[in-house]
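> Below are the chains, spelled out letter by letter.
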Amino acid sequence: MKPFRSATGRVAILDRPDVDTDQIIPKQFLKRIERTGYGEFAFFDWRYDADGTPLPGFELNRPEFAGAKVLLAGRNFGCGSSREHAAWALQDYGFKVVIASSFGDIFRSNASKIGLIAIELPEHEVKSLMEGVDLDRGSDLTVDLAAGTITAPDGRTIKFAFDQTTRHRLLEGLDDIGVTLRLSDEITAYEQARPIA
Amino acid sequence: MIEAMPRTLFEKVWETHVVHEAAGEPALLYVDLHLVHEVTSPQAFEGLRLEGRRVRRPELTVATMDHNVPTLPGPIADPLAKAQLDALRANCEEFGVKLHATGTGSEGIVHVIGPELGLTQPGKTIVCGDSHTSTHGAFGALAFGIGTSEVEHVLATQTLWQRRPKTMLMEFAGDLPPHLTAKDLILAAIGEVGVAGGVGYVVEYAGEAIRALTMENRLTVCNMTIEWGARAGMIAPDDTTFAYLEGRELAPQGADWERALGRWRSLASDEGATFDKHVTIDVSDLAPQVTWGTNPGMVVPVTGVVPSPSDFDDPDDREATERALEYMGLKAGTPIEEIKIDRVFIGSCTNSRIEDLRAAAAVLEGGHIAAGVNALVVPGSAKVRLQAQAEGLDKVFTDAGFEWRLAGCSMCLAMNADVLAPGERCASTSNRNFEGRQGRGGRTHLVSPQMAAGAALAGHFVDVRKLEPLTNKTVTA
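Chain order of the listed sequences is Y and E.
Numbering follows my numbering, with no gaps: position 161 of the first sequence is 556.
Numbering follows my numbering, with no gaps: position 276 of the second sequence is 298.
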């Protein structure tokens, strides 16, 4: 995993509650055995009609959200299926950061494993960030993971809380398995004393 | 002497599985059983290969083919699905993992075969790259879904880093009325607490209504835990649990069984154990539930009507309701019993076990599905299918006009050929009514097996309590 320190970029808004991972990456794209290349299928059924024509009414198809790196989303974003393909698809689409007032637990965990930064803010902060976006021309914001701050389009700084262990791992780009394998002796000791055969 | 603090079921299972823990950091938890299927594992095995790693405990890893498999006999037509199934077979051979492949007679939906084989046991930690892994918590196991990166981590290390979740007790007060099912109970609960009500928690389901449920009905309850955001749901093991497990192929035998029983009996939450949150839900007046919208929390009793956006105070809820009504092609105020259906799906890890099939068949017996309705029953496993055939249930279904299919996930997520056409409306015993879940533009209403069978007969939703034949029949609660 590549280390992540900060990102500055275009903001896109998807202000709908309970966006499930079936919407983020529909099931017809889960048959692939690769880890990459899901970006073109992100939000597929919302993005395109049955003929593959982009649907102008879908938020992410707005020209001023093109090339977005930061997604401002509604509460309980990424609920439902455990498919990591959802996090892969958002990352491959170009998103570095997703900000919402809450996330599905499995989605948030999956995001943290691949270096997609999922930031939880109080609902009113998310709404105020959304309101600060210039819907005619588009806006940029900056997320600094090391400092734990978001610089809003109007220049305001917002602090965010983030799991310390996950932050360290993301900042360093650490591979979980490599870290765990250093504890092999402890795992072996546990196995030898394990109550369940 | 210091008296031991009373502990919850969750705490007991958690604490016996901590391999490593430093203050303020997540714990490294040991995994007793890792279930694997074709969709979320290929990238994990590839990751192992790229790093030259092996599967640490292949004997604690069990694979099945379920998400992609066709439910009609014959070779698989979809080349992508075939490639994924071939990859699973090759990976299991290369890494020494036991595979319950299609056609072996032991295959089926991953959350059906675990309990069926006796692999799912009280006190175990169980993970799988599938959110409905919460199902196995019905045995008093700590079971939850993980993503592919975590699948790879478990394959390589047999452990997982986890922050200790908060605990919730969801207590059901009162007895479940006649003809009401575990599905109605859990749908009503989700309607009450909302689809994000359990985020961050492991929940323990308790109360007389839970105690009275059969093992398979408890599986239905725990299965839907993720639908309200809790990653794991647990039920304290009791004699119902032990009776279900005893004699199963991979359950402990002989002296091992006695030892295991002793351990399992000590798992229930202690008197006085505390939870971070306590919710009580009264089920004594419950009516059969039907979802009307695009998430499982959008649910009303069959006696009710489709809600209106103006019923909600929160602007986000109002907008979500508007969007859901539009997607579902429904008008606010429509009585649920007037909603006509095109398709019926009986199956999925929620409701495809033998008791589910018996319950649906009891409603269907002697009847025929309404003109224009297309109905499908997909047993959860090859063994459930054989058992149903031995009981003549297949005949009841086919006589009623249902198609009797081979085991798999099928139209719960429609990765195979079992898909709704755009605009088609389905009464489904599955777990998710998300947009497009059963096919792009498809409209899913979640119900119990009995309610699905009743809708198949009538061509629209009906209150299964009012159906004549039921009054003389015993239907599993």
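Check the hints yourself; a few may be wrong.
[Unchecked claim] Where chain Y lies over chain E, by a calculated footprint (3+ residues, C-beta under 8 Å): (1) 169-178; (2) 195-207; (3) 211-223; (4) 341-354; (5) 376-387.
[To be verified] Not close to chain Y: a few residues of chain E, all C-beta gaps over 10 Å, as computed: (6) Arg29; (7) Tyr52; (8) Asp304; (9) Pro331; (10) Asp421.
[As the list claims (entries may be wrong)] Here are some chain Y residues pointing at chain E (derived, C-beta under 8 Å): (11) Pro412; (12) Lys422; (13) Lys426; (14) Tyr443; (15) Lys491; (16) Ile501; (17) Ser504; (18) Gln559; (19) Arg562; (20) Leu566; (21) Leu569; (22) Glu581; (23) Ile582; (24) Pro590.
Since the hints were derived computationally from the structure, they do not count as laboratory data.
Quick caveat, the model's predicted, so the values are computed rather than measured.
For every residue, glycine included, the Cβ atom is placed at its ideal position computed from N, Cα and C.
> Evaluate each hint against the coordinates.
Results of checking the hints against the structure:
1. 169-178: With 7 residues in contact (Cβ-Cβ under 8 Å with chain Y), the coverage given for the region 169-178 of chain E holds.
2. 195-207: violated (count 0)
3. 211-223: holds (count 4)
4. 341-354: holds (count 3)
5. 376-387: violated (count 0)
6. Arg29: The assertion about Arg29 of chain E holds, with a minimum of 16 Å to chain Y.
7. Tyr52: violated (6 Å)
8. Asp304: Consistent with the label, Asp304 of chain E stays out of reach of chain Y, its closest Cβ about 26 Å off (over 10 Å).
9. Pro331: holds (13 Å)
10. Asp421: Nearest chain Y Cβ is 32 Å from Asp421 of chain E, so the label holds.
11. Pro412: holds (5 Å)
12. Lys422: holds (5 Å)
13. Lys426: holds (4 Å)
14. Tyr443: Interface hint status for Tyr443 of chain Y: violated (10 Å vs cutoff 8 Å).
15. Lys491: violated (17 Å)
16. Ile501: Result: holds, 6 Å to nearest chain E Cβ.
17. Ser504: holds (6 Å)
18. Gln559: holds (7 Å)
19. Arg562: At about 12 Å, which exceeds the 8 Å cut-off, the nearest Cβ of chain E leaves the hint on Arg562 of chain Y violated.
20. Leu566: violated (15 Å)
21. Leu569: Hint on Leu569 of chain Y: violated, closest Cβ of chain E at ~11 Å, above 8 Å.
22. Glu581: Glu581 of chain Y check passes; min Cβ-Cβ to chain E is 5 Å, inside 8 Å.
23. Ile582: Holds, because the Cβ-Cβ distance from Ile582 of chain Y to chain E comes to roughly 6 Å (cut-off 8 Å).
24. Pro590: holds (6 Å)
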